[in-house]
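If you read the sequences in order, they're chains A and B.
With the first sequence counted from 1, adding 105 to any position gets you this note's numbering.
With the second sequence counted from 1, adding 105 to any position gets you this note's numbering.
Treat each hint with caution, since some may be false.
[Claimed, not checked] Derived Cβ-Cβ restraints for the label pairs, each shown as a range:
| # | chain 1 | residue 1 | chain 2 | residue 2 | range |
| --- | --- | --- | --- | --- | --- |
| 1 | B | L374 | A | N380 | 40 to 50 Å |
| 2 | B | E239 | A | E233 | 51 to 61 Å |
| 3 | B | P370 | A | R215 | 30 to 40 Å |
| 4 | B | N251 | A | E208 | 48 to 58 Å |
| 5 | B | R303 | A | E208 | 53 to 63 Å |
| 6 | B | G248 | A | N385 | 52 to 62 Å |
| 7 | A | A225 | B | N251 | 37 to 47 Å |
| 8 | B | M106 | A | E233 | 51 to 61 Å |
| 9 | B | N385 | A | E355 | 46 to 56 Å |
| 10 | A | G309 | B | G357 | 42 to 52 Å |
| 11 | A | N299 | B | N385 | 23 to 33 Å |
| 12 | A | Y394 | B | T376 | 17 to 27 Å |
[As the list claims (entries may be wrong)] So these bits of chain A aren't anywhere near chain B, every CB distance computed over 12 Å:
| # | residue |
| --- | --- |
| 13 | V125 |
| 14 | R184 |
| 15 | R351 |
| 16 | P388 |
[Unchecked claim] From the derived model, a few chain A residues whose C-beta atoms are all more than 10 Å from chain B:
| # | residue |
| --- | --- |
| 17 | G123 |
| 18 | A127 |
| 19 | D142 |
| 20 | V214 |
| 21 | H343 |
| 22 | Q352 |
| 23 | R387 |
Derived by calculation from the structure, the hints in this document are not laboratory data.
We put the CB at the ideal spot given by N, CA and C, even for glycine.
Number of protein chains: 2
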Amino acid sequence: MEPIVECVPNFSEGRDVGIVCAINQAIGSVAGVRVLDQTMDADHHRSVITFAGSPGAVVEAAVRGAAKAVETIDLNLHRGVHPRLGAVDVIPFVPIRGITMAECAAMAVRAGGEIWKRLALPVYLYGEGRRKLEDVRRGQFEGLRNSVLVDESARPDFGGPELHPTAGAAIVGARKVLIAFNVNLNTDDVRIANAIARTIRTSGGGFPNVKAIGLLLQSRRLAQVSMNLTDYEVTPPHVVFQAIGRQAAEYGVSVAGSEIIGLIPRQALETEGVNLRIENYRPEMVLEYRLEQTLK
Amino acid sequence: MEPIVECVPNFSEGRDVGIVCAINQAIGSVAGVRVLDQTMDADHHRSVITFAGSPGAVVEAAVRGAAKAVETIDLNLHRGVHPRLGAVDVIPFVPIRGITMAECAAMAVRAGGEIWKRLALPVYLYGEGRRKLEDVRRGQFEGLRNSVLVDESARPDFGGPELHPTAGAAIVGARKVLIAFNVNLNTDDVRIANAIARTIRTSGGGFPNVKAIGLLLQSRRLAQVSMNLTDYEVTPPHVVFQAIGRQAAEYGVSVAGSEIIGLIPRQALETEGVNLRIENYRPEMVLEYRLEQTLK
Numbered sequence: 106m107e108p109i110v111e112c113v114p115n116f117s118e119g120r121d122v123g124i125v126c127a128i129n130q131a132i133g134s135v136a137g138v139r140v141l142d143q144t145m146d147a148d149h150h151r152s153v154i155t156f157a158g159s160p161g162a163v164v165e166a167a168v169r170g171a172a173k174a175v176e177t178i179d180l181n182l183h184r185g186v187h188p189r190l191g192a193v194d195v196i197p198f199v200p201i202r203g204i205t206m207a208e209c210a211a212m213a214v215r216a217g218g219e220i221w222k223r224l225a226l227p228v229y230l231y232g233e234g235r236r237k238l239e240d241v242r243r244g245q246f247e248g249l250r251n252s253v254l255v256d257e258s259a260r261p262d263f264g265g266p267e268l269h270p271t272a273g274a275a276i277v278g279a280r281k282v283l284i285a286f287n288v289n290l291n292t293d294d295v296r297i298a299n300a301i302a303r304t305i306r307t308s309g310g311g312f313p314n315v316k317a318i319g320l321l322l323q324s325r326r327l328a329q330v331s332m333n334l335t336d337y338e339v340t341p342p343h344v345v346f347q348a349i350g351r352q353a354a355e356y357g358v359s360v361a362g363s364e365i366i367g368l369i370p371r372q373a374l375e376t377e378g379v380n381l382r383i384e385n386y387r388p389e390m391v392l393e394y395r396l397e398q399t400l401k
Numbered sequence: 106m107e108p109i110v111e112c113v114p115n116f117s118e119g120r121d122v123g124i125v126c127a128i129n130q131a132i133g134s135v136a137g138v139r140v141l142d143q144t145m146d147a148d149h150h151r152s153v154i155t156f157a158g159s160p161g162a163v164v165e166a167a168v169r170g171a172a173k174a175v176e177t178i179d180l181n182l183h184r185g186v187h188p189r190l191g192a193v194d195v196i197p198f199v200p201i202r203g204i205t206m207a208e209c210a211a212m213a214v215r216a217g218g219e220i221w222k223r224l225a226l227p228v229y230l231y232g233e234g235r236r237k238l239e240d241v242r243r244g245q246f247e248g249l250r251n252s253v254l255v256d257e258s259a260r261p262d263f264g265g266p267e268l269h270p271t272a273g274a275a276i277v278g279a280r281k282v283l284i285a286f287n288v289n290l291n292t293d294d295v296r297i298a299n300a301i302a303r304t305i306r307t308s309g310g311g312f313p314n315v316k317a318i319g320l321l322l323q324s325r326r327l328a329q330v331s332m333n334l335t336d337y338e339v340t341p342p343h344v345v346f347q348a349i350g351r352q353a354a355e356y357g358v359s360v361a362g363s364e365i366i367g368l369i370p371r372q373a374l375e376t377e378g379v380n381l382r383i384e385n386y387r388p389e390m391v392l393e394y395r396l397e398q399t400l401k
């Protein structure tokens, strides 16, 4: 069986579906690649495209997607509630079958080199012996484009030191399957979401393998705990969902529901009877289901 | 000021975002056209793309979108809960400013002629002195491709008598701004949604300018009253929403929420204090807001 790699780039455009579709088509133009999912969020002003295929095809598709993002997105005009550094913000390669994490990390280095060479877009490497994603993105586009000029340790791994004037920089790496899981609270007080995020995330002494921030969804007037679960076998969604519900109750606030951004492995939906109340649930969001459907 | 026409084609693909994006890009490739919205529904297996621009550009974009649908969608493989006749199922032209309904009907004739000539896709004309949409679509793809052979009155206005073997036929016409409004019920008993649909729709002696059917959303196990409000100034959404809530209560069922497919005019959100509980509400779904943003 041919090795299969998943790639889940995040783009800093969540409102203009024409731009996101242009990126989608650039990715899908590579033979041997299938686009599995596309999610847009107007408040985050961000979209996530999930695709998979053989390693060589996936690297080429990632570069073509990045090229279209550089062409169409100007970060100087971009305001959203999700932190971001680049027009194509993060490009993770994920081993699915017949390939190791180390091989995916080598794909990231290859893709990063191509992105700098072909697009003049500086690249940071993250994960597995490289920097941490949240460290790279600290300060975001507006902050980092100044600090790269004075702080050598902040410089990109490919290109730079200056960031791209409109597209910033891309952050490329290998990682395990990640679940992007957001829990919405029935309040517009973002301080409550922030306080809960601080207690549940790993860096605050909470659950292992959890990154969390508080955000305000302007369009729905709801505060949101926005999370990445970086090892769902250690900390599954229902564990953080219950913890958030308990803490929210202490603030006198209820949980409005939850959302999955992108795809979720089937095993993560085994919740020991907890109802995750996923507002956007569809069978199509189950990773194995989409892989079976599209990669024979 | 240049006249502005809106076009809201429905395509029989609601699952593969790559196909819908390819159609989106074909439409957006015409200078003078802006894509305003794209909605996909996996259960309906249907997507709706809203775009606007000057009359000539809008006709050309409609034909290019139809061409991409003919190329990518095969109705022989299509199963969804929404009735459909074609790969591009219905193509309505809507006067927005500086253009009359009669001029939009003339655009429909022009687009229909082009679609037959360039794509060999038969076309039915509907609205304003032509057939009714629901009459054309009765029997759907599987039924009509037989009946056109024996029933002269069922034959297309352009092309035919045979339908296209994979893409069926398109239904093209002019109409007022329409609101596609769905109300979801907390039951998986589709008979309740059907019974309610029958009493509220115009053809059942209900409200004027309301078309309604009952559907089952497989992925959410919810029954849905799926509606087109063809003149929201006569019958606004909150009037049908309240009527559905009252009738559902008589069946012992509550309303789970509602959805807008595509865009909604601002005036239709003036609901006299009724909360429509639109699950997918975003400021971006307000028609005037999108037009202001994109057409200067």
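The hints, checked one at a time:
1. L374/B with N380/A: 40 to 50 Å: At 31 Å between Cβs, range violated.
2. E239/B with E233/A: 51 to 61 Å: holds, 58 Å
3. P370/B with R215/A: 30 to 40 Å: violated, 50 Å
4. N251/B with E208/A: 48 to 58 Å: Since the Cβ atoms of N251/B and E208/A sit about 55 Å apart, the hinted range of 48 to 58 Å holds.
5. R303/B with E208/A: 53 to 63 Å: holds, 59 Å
6. G248/B with N385/A: 52 to 62 Å: 34 Å Cβ-Cβ, so the 52 to 62 Å window is violated.
7. A225/A with N251/B: 37 to 47 Å: violated, 59 Å
8. M106/B with E233/A: 51 to 61 Å: With a Cβ separation near 57 Å, M106/B and E233/A satisfy 51 to 61 Å, so the hint holds.
9. N385/B with E355/A: 46 to 56 Å: violated, 30 Å
10. G309/A with G357/B: 42 to 52 Å: Once the Cβ atoms are compared, 46 Å apart, the range 42 to 52 Å for G357/B and G309/A holds.
11. N299/A with N385/B: 23 to 33 Å: holds, 26 Å
12. Y394/A with T376/B: 17 to 27 Å: Cβ of Y394/A to Cβ of T376/B: about 38 Å, so the range 17 to 27 Å is violated.
13. V125: Check fails; 8 Å does not lie beyond 12 Å.
14. R184: holds, 14 Å
15. R351: holds, 26 Å
16. P388: violated, 6 Å
17. G123: The claim breaks: G123/A does not keep its Cβ more than 10 Å from every Cβ of chain B (closest is about 5 Å).
18. A127: violated, 6 Å
19. D142: violated, 7 Å
20. V214: holds, 28 Å
21. H343: holds, 19 Å
22. Q352: holds, 25 Å
23. R387: It is violated; R387/A is separated from chain B by about 5 Å at its closest Cβ, not greater than 10 Å.
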